[in-house]
Amino acid sequence: MPVIEVKNLTKIFGKNTKQALKLLEEGATKEEILKKTGCTVGVNRAAFSVEQGEIFVIMGLSGSGKSTLVRLINRLIEPTEGDILIDGEDLAKMDKHQLRQVRREKLSMVFQQFALFPHRSILENAEFGLEIQNMPKEKRKEKAKQALELVGLGNYLQQKPGQLSGGMQQRVGLARALANDPKILLMDEAFSALDPLIRKDMQDELIDLQSSMQKTILFITHDLDEALRLGDRIALMKDGSIVQIGTPEEILVNPANDYVERFVEDVDRSKVLTASHIMKRPETVNIEKHGPRVALERMREEGISSIFVIDGKRKLKGYITADDASEARKKNITSLSEILRTDIPTVSKDTSLQEIFSIIYDSPIPVAVVDNDRLAGIIVRGSVIAALAGNGEVNLDNE
Amino acid sequence: MNDPVLNIIPEIPIAEWIEWLTDKITDVFSFIFNPINTHFGNFMEFMAEDILMNIPPFIFILAIAVLAFFISGKRFGLAIFSIIGLWLIYNQGHWDDLMNTVTLVLLASLLSVLIGIPIGIWMSKSKVANAAITPILDFMQTMPAFVYLIPAVAFFGIGMVPGVFASLIFATPPTVRFTNLGIRQVSKELVEAADAFGSTGAQKLFKVELPMAKPTIMAGINQTVMLALSMVVIASMIGARGLGREVLSALQRAEAGTGFVAGIAIVILAIIMDRITQNFNKKKDD
Numbered sequence: 001m002p003v004i005e006v007k008n009l010t011k012i013f014g015k016n017t018k019q020a021l022k023l024l025e026e027g028a029t030k031e032e033i034l035k036k037t038g039c040t041v042g043v044n045r046a047a048f049s050v051e052q053g054e055i056f057v058i059m060g061l062s063g064s065g066k067s068t069l070v071r072l073i074n075r076l077i078e079p080t081e082g083d084i085l086i087d088g089e090d091l092a093k094m095d096k097h098q099l100r101q102v103r104r105e106k107l108s109m110v111f112q113q114f115a116l117f118p119h120r121s122i123l124e125n126a127e128f129g130l131e132i133q134n135m136p137k138e139k140r141k142e143k144a145k146q147a148l149e150l151v152g153l154g155n156y157l158q159q160k161p162g163q164l165s166g167g168m169q170q171r172v173g174l175a176r177a178l179a180n181d182p183k184i185l186l187m188d189e190a191f192s193a194l195d196p197l198i199r200k201d202m203q204d205e206l207i208d209l210q211s212s213m214q215k216t217i218l219f220i221t222h223d224l225d226e227a228l229r230l231g232d233r234i235a236l237m238k239d240g241s242i243v244q245i246g247t248p249e250e251i252l253v254n255p256a257n258d259y260v261e262r263f264v265e266d267v268d269r270s271k272v273l274t275a276s277h278i279m280k281r282p283e284t285v286n287i288e289k290h291g292p293r294v295a296l297e298r299m300r301e302e303g304i305s306s307i308f309v310i311d312g313k314r315k316l317k318g319y320i321t322a323d324d325a326s327e328a329r330k331k332n333i334t335s336l337s338e339i340l341r342t343d344i345p346t347v348s349k350d351t352s353l354q355e356i357f358s359i360i361y362d363s364p365i366p367v368a369v370v371d372n373d374r375l376a377g378i379i380v381r382g383s384v385i386a387a388l389a390g391n392g393e394v395n396l397d398n399e
Numbered sequence: 001m002n003d004p005v006l007n008i009i010p011e012i013p014i015a016e017w018i019e020w021l022t023d024k025i026t027d028v029f030s031f032i033f034n035p036i037n038t039h040f041g042n043f044m045e046f047m048a049e050d051i052l053m054n055i056p057p058f059i060f061i062l063a064i065a066v067l068a069f070f071i072s073g074k075r076f077g078l079a080i081f082s083i084i085g086l087w088l089i090y091n092q093g094h095w096d097d098l099m100n101t102v103t104l105v106l107l108a109s110l111l112s113v114l115i116g117i118p119i120g121i122w123m124s125k126s127k128v129a130n131a132a133i134t135p136i137l138d139f140m141q142t143m144p145a146f147v148y149l150i151p152a153v154a155f156f157g158i159g160m161v162p163g164v165f166a167s168l169i170f171a172t173p174p175t176v177r178f179t180n181l182g183i184r185q186v187s188k189e190l191v192e193a194a195d196a197f198g199s200t201g202a203q204k205l206f207k208v209e210l211p212m213a214k215p216t217i218m219a220g221i222n223q224t225v226m227l228a229l230s231m232v233v234i235a236s237m238i239g240a241r242g243l244g245r246e247v248l249s250a251l252q253r254a255e256a257g258t259g260f261v262a263g264i265a266i267v268i269l270a271i272i273m274d275r276i277t278q279n280f281n282k283k284k285d286d
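Chains U and Y supply the protein sequences, listed in that same order.
Position one of the first sequence corresponds to residue 1 (the UniProt record's numbering), numbered consecutively onward.
Position one of the second sequence corresponds to residue 1 (the UniProt record's numbering), numbered consecutively onward.
For reference, chain U alone in the conformation it holds in the complex (with noise of 0.2 Å):
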């Protein structure tokens, strides 16, 4: 059963709900809306679930509705229609009690501009969510501690908020919400106010974090390369409609309509594609069975000046050039081991192609992409570029 559950979500603001939900269903835009009823369409029928510990990232431009879906989803905004379903039981349908007890066990957030309450202290912050639920003192003190200590700032328990720096607030602002040990965790933009550098450092942290917490996140972006670090899938919005929901790979190269291809157009391919993306399959000849003569043929079939050297099993023992093996074959050297190079440059299947480009630019010969010492295949220098350019053959199946 997924952790969260979201059926047919639709908000409309405005007073005129009923009428304009009509013509929602009628198929009316989002402009035909505002124009007869006066009423703005906030979020329309989403639907998604997420699975448990999965990092599930909602993404869209400002305006396109994602922090009203978040917030349709612990209730902050009264849903106009739909289910939300957390651990199968409809959040909608809750009354004012149930859904406060929801939200203390079940749901913490992490709001954009870090909500810390200026007045209390760290560890006074970390302990809101235990203190409303009554925990006794020294319990919630000894739990917001380990939360703050998890987040790294176990020594920084009596200053106020305003005395640290952006990221460290943001810490305190995820100490608070992990202090709880809430199944899901809603994160509203949550490093959209960190500058770049710590903004990276906070989603490595995250992801770190993820991995041994098993938390389910939903996690609100406006930025696709931070959506493409975090997200084990991602729902596209646009209009307060989800226009696509893939795993990043998915989104960027089978972008499922123009809005999204142009969302995806600014992304920095390089840090997201990997090596498995664009490596072809090698041309190789085996140490153990073939001599100078059947490589330099292998070449001049291929009309390349080099080719990988491979035994039985696959490993990788080096390559010969051309000449070597031209001039090897002149001196009836039968043994290709007498003229293999080792000085491969090599990368692992989850290299990006960021740091691809700076290790193919100086090497004469293309790149052995290597699993587990055997060889998985080559990337050439054109193939990497155009990659990044963005109109490169990108094969899926490698994964």
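Keep in mind the hints are simulated off the structure, nothing from the lab.
Keep in mind that a hint or two might mislead.
[What the hints assert, rightly or not] On the chain U side, residues computed to face chain Y include the following (Cβ under 10 Å): (1) Leu116; (2) His119; (3) Lys313.
[Stated by the list, open to error] Listed below are the simulated PhoX-like cross-link pairs for lysine-lysine, each with C-alpha atoms no more than 20 Å apart in a straight line: (4) Y:Lys125 / U:Lys160; (5) U:Lys18 / U:Lys35; (6) U:Lys160 / Y:Lys127.
By construction, the Cβ of each residue, glycine as well, lies at the ideal position given by its N, Cα and C atoms.
Got chain U; can you put chain Y on it based on the hints?
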């Protein structure tokens, strides 16, 4: 006065209505007003004459100076001013008047705050309350203060208690307004944070909204104290004792010197109270 158009409707007897209403209220609620008058009056007398006036002036001045010193962040300015100012009032033979005035101002302010903060909270939470109470506050503040004296006398007779009543009407609005404003100004994200973690309404109010609104509320309380003090002279017209009565009697006898001395005493008291309540506010800010 003989304009045929404007005279279509004969004079509306508003004054009679209000008089009738005041009489009715006095009659119907006398069972409340009378005990309030007696007990509260006794209490005020007790506080002024049996407590404040029994404190040796020397000790009183010293205590205020120490309070001023600590509350202004261990600076000497206000403390020295308090010593000299209060001594001057003593020197001019107005000590007992000062104690009466302090009693009046403190009790009026205290009641204003006790009544004003809950109303302010209510206004911040309810659009209807906000829309209904705002014009009443405007009315309370713009109506000339003398006008309140008349029903005050009708309800409570003559003395300190009607003085407190009139001050209350005049001085409560700032506390109400600033409390309302302070809570409305709490950032939306903080309110959302309180809600998102599952706060009850009371938890949100006491753990987040009121602490965040405190500086604003304190500014309102400071205003309330100052307005209560400004009512001192007016309240003396209905028999409230204190510095105000000295000013009033100097006016009636055209004694410029006596009037000035009593006036200066009020100014000194105003400055001390203002600085102390202001610093109280700043201290909480840190």
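Here is what the structure says about each hint:
Against a cut-off of 10 Å between C-beta atoms, the interface hint on Leu116 of chain U holds, since the closest Cβ of chain Y lies about 8 Å away. The beta carbon of His119 of chain U is positioned within 10 Å of a beta carbon in chain Y (closest approach about 5 Å), and the interface hint is therefore held. Of the supplied interface hints, the one on Lys313 of chain U is violated, with its beta-carbon coming no nearer than about 56 Å to a beta-carbon of chain Y, more than 10 Å. Between Lys125 of chain Y and Lys160 of chain U, the direct Cα distance comes to roughly 28 Å. Violation of the 20 Å bound is thereby established for this hinted pair.
For the suggested pair Lys18 of chain U and Lys35 of chain U, the alpha carbons sit about 15 Å apart, so the restraint of at most 20 Å is met. With a CA separation close to 34 Å, the supplied pair Lys160 of chain U and Lys127 of chain Y exceeds the 20 Å bound.
Of the hints listed earlier, those the structure fails to meet are numbers 3, 4 and 6, in rising order.
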